[in-house]
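S.K.: Sequence:
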Amino acid sequence: MASIRKRRNKYFSRVVWRNEDGTQLEKQIPLQTDKKSVAVVRNNEVSKVEDTLRSGENWSFPWMNQDGKVKLIRLSISEAYEEYRNVQNIDGVRASTLDRVDHSMKTLYKVFGENYPIASITYSHIEQYKEYWHGTHQPTTMNINLSKIRAFHNWCVKKNYTKKVEFVKVREDEKPPQYLTDEEFKSIMQCDIIDDHFKKAFVFYLYTGCRKTEPFIADLNGKWLTIKSTDAKSHKTRDIELNEVTKGIVQEMRDRYHYYMDEYGQKSRNVIMNYGKQFKKVCRYLGIKGKTLHSLRHTYAVRRWAITGDIKMVSQEIGHSSVVMTEKYAKFNLRKLRDDFPSLKDRINLRLTPPSEDKYFTTLLNAI
Numbered sequence: 602m603a604s605i606r607k608r609r610n611k612y613f614s615r616v617v618w619r620n621e622d623g624t625q626l627e628k629q630i631p632l633q634t635d636k637k638s639v640a641v642v643r644n645n646e647v648s649k650v651e652d653t654l655r656s657g658e659n660w661s662f663p664w665m666n667q668d669g670k671v672k673l674i675r676l677s678i679s680e681a682y683e684e685y686r687n688v689q690n691i692d693g694v695r696a697s698t699l700d701r702v703d704h705s706m707k708t709l710y711k712v713f714g715e716n717y718p719i720a721s722i723t724y725s726h727i728e729q730y731k732e733y734w735h736g737t738h739q740p741t742t743m744n745i746n747l748s749k750i751r752a753f754h755n756w757c758v759k760k761n762y763t764k765k766v767e768f769v770k771v772r773e774d775e776k777p778p779q780y781l782t783d784e785e786f787k788s789i790m791q792c793d794i795i796d797d798h799f800k801k802a803f804v805f806y807l808y809t810g811c812r813k814t815e816p817f818i819a820d821l822n823g824k825w826l827t828i829k830s831t832d833a834k835s836h837k838t839r840d841i842e843l844n845e846v847t848k849g850i851v852q853e854m855r856d857r858y859h860y861y862m863d864e865y866g867q868k869s870r871n872v873i874m875n876y877g878k879q880f881k882k883v884c885r886y887l888g889i890k891g892k893t894l895h896s897l898r899h900t901y902a903v904r905r906w907a908i909t910g911d912i913k914m915v916s917q918e919i920g921h922s923s924v925v926m927t928e929k930y931a932k933f934n935l936r937k938l939r940d941d942f943p944s945l946k947d948r949i950n951l952r953l954t955p956p957s958e959d960k961y962f963t964t965l966l967n968a969i
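In the numbering used here, the protein residues as written are 602 to 969.
Keep in mind that the hints are not guaranteed to be accurate.
[Said to hold, decoys possible] Derived DSS-like pairs: lysine-lysine, alpha-carbon spacing no greater than 30 Å straight-line:
hint, residue 1, residue 2
1, LYS801, LYS649
2, LYS607, LYS649
3, LYS824, LYS759
4, LYS837, LYS824
Note that these hints are calculated values from the structure, not bench results.
Please work from the sequences and hints to get the whole structure.
M.R.: See the structure below:
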């Protein structure tokens, strides 16, 4: 039976139980009285639905509502998410992450509606969600959304709002990084359908490996562009050394960024997204398929690995949280990269044919 506890001169009904892993859980129902006799009577009402409280149901009691009746409360997905989001804010989760979760939740609302009871979500609902978005979203996008929804759902399980559900990700084939060859990038630089400002920006992204937003949110101090841990995707501070050319380009990008927001009232996101739109525009015009602005970051990483062979160093340079994430750039055939990047031919050749080996074979040929 539910027990009675007094806190700050008010009585509460306390329901305690243990979940499958032995962790103690509890719910406290406010009895809204400072008289023990009244509290005992109200606690009896709570005890009648004690089992359902333990299973995740929520109830409104006569002293808690205008109807004066015991009513089952069906917590909706949106109501649970509002509470979850408030907790995330308090925990200091960065705004960009919360925006991404908001987007994922909207895809869930699209299928079931905001008022669907969170306690009713089952495995079949997750399969229905995947079927709904199949063909509309790419597997990678589907899995990102599923991971965000799963994190929210797991929180709801801990809060005892619903029961645990298995989330099975969509199968996706491993997709290698999409880099641009020297010839492709040269053709973009020679194309006259976009403004020269964007061409210079593309050069900056190619030679620094920056993510799309990083030039605008980083600190620029002298020849160093510093992406702080609070802004970095990996939560690690990263310093990028600039030369006179790249420094001039990033300053021009930042000036344009502030100008369009201050003079035209454009949103930060829209100004930044335009760089990606311009890149897609020129790629469509030239018939370069499967490439986005992020491909310039891939190109940087592939080129750096091609000439250094040091995947750990490349991981640090581009700001990955783990070298495991960077290993995909080390799966390319060096001889293929030599053809795609003629500008790196001599440096790649040094890796393909070490000097000592080259000297050995020369000696053999001279002996013939």
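S.K.: Now tell me if each hint is right for this structure.
M.R.: Now the hints, each set against the structure:
1. LYS801 to LYS649: violated (71 Å)
2. LYS607 to LYS649: holds (20 Å)
3. LYS824 to LYS759: violated (48 Å)
4. LYS837 to LYS824: holds (20 Å)
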